[in-house]
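A.B. asks: Protein sequences appear in the order of chains A and B.
For the first sequence, this note's numbering gives the first residue as 1, with consecutive numbering after it.
For the second sequence, this note's numbering gives the first residue as 401, with consecutive numbering after it.
Hints were generated in silico from the structure; no laboratory data involved.
None of these values were measured; they are calculated from a predicted model.
It is possible that some hints are incorrect.
Stated by the list, open to error - BS3-like mimics (lysine-lysine), calculated; alpha carbons at most 25 Å apart, straight line:
{"#": "1", "chain 1": "A", "residue 1": "Lys-312", "chain 2": "A", "residue 2": "Lys-332"}
{"#": "2", "chain 1": "A", "residue 1": "Lys-391", "chain 2": "A", "residue 2": "Lys-312"}
{"#": "3", "chain 1": "B", "residue 1": "Lys-461", "chain 2": "B", "residue 2": "Lys-545"}
{"#": "4", "chain 1": "A", "residue 1": "Lys-290", "chain 2": "B", "residue 2": "Lys-404"}
{"#": "5", "chain 1": "B", "residue 1": "Lys-525", "chain 2": "B", "residue 2": "Lys-495"}
{"#": "6", "chain 1": "A", "residue 1": "Lys-171", "chain 2": "A", "residue 2": "Lys-265"}
{"#": "7", "chain 1": "B", "residue 1": "Lys-458", "chain 2": "B", "residue 2": "Lys-495"}
{"#": "8", "chain 1": "A", "residue 1": "Lys-312", "chain 2": "B", "residue 2": "Lys-458"}
{"#": "9", "chain 1": "B", "residue 1": "Lys-545", "chain 2": "A", "residue 2": "Lys-290"}
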Amino acid sequence: MKTANTTHQPKLSQAVNSIEPSGIRRFFDLAASMDNIISLGVGEPDYSTPWNVREASIHSLERGLTAYTANAGLPELRKSISRYLLERFQLEYDAGNEVVVTVGASEGIDLALRSIVDPGDEVLVVEPCFVSYAPLVSLAGGTPVSVPTSIEADFMVEPDLLAEKVTDKTKAVMLSFPNNPTGAVMDNETMQRVAEVCIDHDLIVISDEIYAELSYDCDHQSVPILPGMHERTILISGFSKSFAMTGWRIGYVCAPPIYTEAMLKIHQYGMMCASTMAQYAALEALENGKDVMEEMIISYRQRRNYFVESLKESGLECHTPGGAFYAFPSIKKTGLTSAEFAEKLLIEERVAVVPGSVFGEGGEGHVRCSYAASMAQLEEATERIGRFVAKYLSGDVESR
Amino acid sequence: MDEKDVELLSIVEEQGRLSEDQLAKMIALPADEVTKRLRCLEKDNVILGYSALVDWSKTEKAEPVTAAIDVKVTPTRGRGFDEVAERIYRYHEVKALYLMSGTYDLSVVIEGESMSEIARFVSEKLSTLESVISTTTHFQLKRYKHDGFIFVDEDDQDPRMVVSP
Ligand SMILES: Cc1ncc(COP(=O)(O)O)c(C=O)c1O
Numbered sequence: 001m002k003t004a005n006t007t008h009q010p011k012l013s014q015a016v017n018s019i020e021p022s023g024i025r026r027f028f029d030l031a032a033s034m035d036n037i038i039s040l041g042v043g044e045p046d047y048s049t050p051w052n053v054r055e056a057s058i059h060s061l062e063r064g065l066t067a068y069t070a071n072a073g074l075p076e077l078r079k080s081i082s083r084y085l086l087e088r089f090q091l092e093y094d095a096g097n098e099v100v101v102t103v104g105a106s107e108g109i110d111l112a113l114r115s116i117v118d119p120g121d122e123v124l125v126v127e128p129c130f131v132s133y134a135p136l137v138s139l140a141g142g143t144p145v146s147v148p149t150s151i152e153a154d155f156m157v158e159p160d161l162l163a164e165k166v167t168d169k170t171k172a173v174m175l176s177f178p179n180n181p182t183g184a185v186m187d188n189e190t191m192q193r194v195a196e197v198c199i200d201h202d203l204i205v206i207s208d209e210i211y212a213e214l215s216y217d218c219d220h221q222s223v224p225i226l227p228g229m230h231e232r233t234i235l236i237s238g239f240s241k242s243f244a245m246t247g248w249r250i251g252y253v254c255a256p257p258i259y260t261e262a263m264l265k266i267h268q269y270g271m272m273c274a275s276t277m278a279q280y281a282a283l284e285a286l287e288n289g290k291d292v293m294e295e296m297i298i299s300y301r302q303r304r305n306y307f308v309e310s311l312k313e314s315g316l317e318c319h320t321p322g323g324a325f326y327a328f329p330s331i332k333k334t335g336l337t338s339a340e341f342a343e344k345l346l347i348e349e350r351v352a353v354v355p356g357s358v359f360g361e362g363g364e365g366h367v368r369c370s371y372a373a374s375m376a377q378l379e380e381a382t383e384r385i386g387r388f389v390a391k392y393l394s395g396d397v398e399s400r
Numbered sequence: 401m402d403e404k405d406v407e408l409l410s411i412v413e414e415q416g417r418l419s420e421d422q423l424a425k426m427i428a429l430p431a432d433e434v435t436k437r438l439r440c441l442e443k444d445n446v447i448l449g450y451s452a453l454v455d456w457s458k459t460e461k462a463e464p465v466t467a468a469i470d471v472k473v474t475p476t477r478g479r480g481f482d483e484v485a486e487r488i489y490r491y492h493e494v495k496a497l498y499l500m501s502g503t504y505d506l507s508v509v510i511e512g513e514s515m516s517e518i519a520r521f522v523s524e525k526l527s528t529l530e531s532v533i534s535t536t537t538h539f540q541l542k543r544y545k546h547d548g549f550i551f552v553d554e555d556d557q558d559p560r561m562v563v564s565p
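Taking the hints into account, I'd like the entire structure generated from these sequences.
C.D. replies: Written out as structure tokens, the structure is:
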């Protein structure tokens, strides 16, 4: 029976109230309302998943493999991940108890943070970075502390600055190289010095290496391989970028058993297991998808070379991004903020890029441009960007 | 021939219309260097030509008829299959010719305006060659994929959201 005078008083948690929706969202709404735009705003590959991978997943459905899997994921997939990490990055993780298959790297990041953060803990977040890190630290009850990087240091972590930010509340550091949005990679020497800071202060390192394969100028060096780092590192990775599998929602975390067991508890209750058909797809990707991946890597590298050169010709300062599929040019000399630049570029030239400010401290003054687009689109986009930049540099714009 | 040449070839093999400036940036060489390399590769017949893949079924013009013909031949002493191959590939109608392993020797791909034109070619030109023992003609009914390109109209809209993290 309906009672007239009961009113519901919405009651949200303080934690969820304390975080903002992603700044990308607002920009997405604007871009999505416009036609005929060239989008360099996309954070995912421009390939569909390789056919053999899609086919393997279809086949798993035909065979009726639609049940839950073990919480940590299919044993054969975990073995395959373990073998792959050893072969490609010389990492040693036991498929039995050091690998957990997750719903994308995204879930992995959440699991890692929730399994280590207590209220009051500080987590150092190297920024600019993927938009989920700081909010997930907050949701886990911790306090995110930004460690900005800058174009002057090629967007690598500055070890001294990192050390300065450490307090007696600091529990962990979130790193991600190759980086979204800067495309930066860390050179071995800097990585070594960062590792030393982490060891000196006995910090946990959450290393999101989802772009590891997309490293164009040198072999990717994984964080846990450095002396003293394996025991303190939670490695996040997945299939979204390297195998063009964003929509499948499949990834993994690797760590010493003390951490994987903790993460598995949360995963077990919160998720049960990753999607079974996506797990079969991931297995096929690792077993038979590497040739296609190599071809995609070569093509990204060529487009990176082309795009960054063209951006420089269009008058923007840009460091050479060693990995991922983003360029992060400086737009400071146009006198616009990154949000103004992105909005005006969208409206005046119909090119979508993402304002650097949404990626945290150090992002202002830059825009993220994804070059996971066709050569024809990149050519047209850089031409438009060039025209746009020239207009603002010459002051030939109506007073704002 | 070095690594850069190989990279250049792999790119133009798939994307023959990129400008020399684009190619130069992609493989990180100066543009005039790329021009020089391309001219060399063309001169040495490493690059034999540039062409477009056309789906004639979408045009006013009648679609050409294509057939693959399996040909058994007697090789000639001293020159093996090359002599008869040469006599076949010189015909303008012959679009491709391969020496095959297996139950026949030569695979001839031929294009014509009609089936009867192709039938005439087979009976008058091909079968009458002295070393040809037999021919089996297969007409192509539909082109799904050719030279790496899919000829069936698929939904090629970019499924990605315009902006994402
Ligand atoms: C650095 C970084 N980590 C994680 C993710 C999310 O990956 P997944 O699709 O595996 O959840 C992204 C996606 O944009 C990313 O850029």
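A.B. asks: Check whether the Cα positions of B/Lys-458 and B/Lys-495 lie no farther apart than 25 Å.
C.D. replies: holds, 21 Å
A.B. asks: Take a quick look at whether A/Lys-290 and B/Lys-404 sit within 25 Å of each other, Cα to Cα.
C.D. replies: It holds: about 23 Å lies between the C-alpha atoms, which stays within 25 Å.
A.B. asks: Are the Cα positions of B/Lys-461 and B/Lys-545 separated by 25 Å at most?
C.D. replies: Judged against 25 Å, a Cα distance of about 20 Å means the pair holds.
A.B. asks: Keeping to a limit of 25 Å between CA atoms, is the pair of A/Lys-171 and A/Lys-265 held or broken?
C.D. replies: holds, 20 Å
A.B. asks: Under the criterion that the straight-line Cα-Cα distance not exceed 25 Å, is the pair B/Lys-525, B/Lys-495 satisfied?
C.D. replies: Holds. B/Lys-525 to B/Lys-495 sits at ~15 Å (cutoff 25 Å).
A.B. asks: Keeping to a limit of 25 Å between CA atoms, is the pair of A/Lys-391 and A/Lys-312 held or broken?
C.D. replies: Holds - the C-alpha atoms of A/Lys-312 and A/Lys-391 are around 16 Å apart, at most 25 Å.
A.B. asks: Take the C-alpha atoms of A/Lys-312 and A/Lys-332, compute the straight-line distance between them, and say whether it is at most 25 Å.
C.D. replies: This hinted pair holds, its Cα atoms lying about 14 Å apart.
A.B. asks: Starting from A/Lys-312, check that the Cα of B/Lys-458 is at most 25 Å away, please.
C.D. replies: violated, 41 Å
A.B. asks: Has the given pair, B/Lys-545 with A/Lys-290, been kept, meaning a C-alpha gap of at most 25 Å?
C.D. replies: holds, 23 Å
Checked against the numbered hints above, the structure breaks only hint 8 and satisfies the rest.
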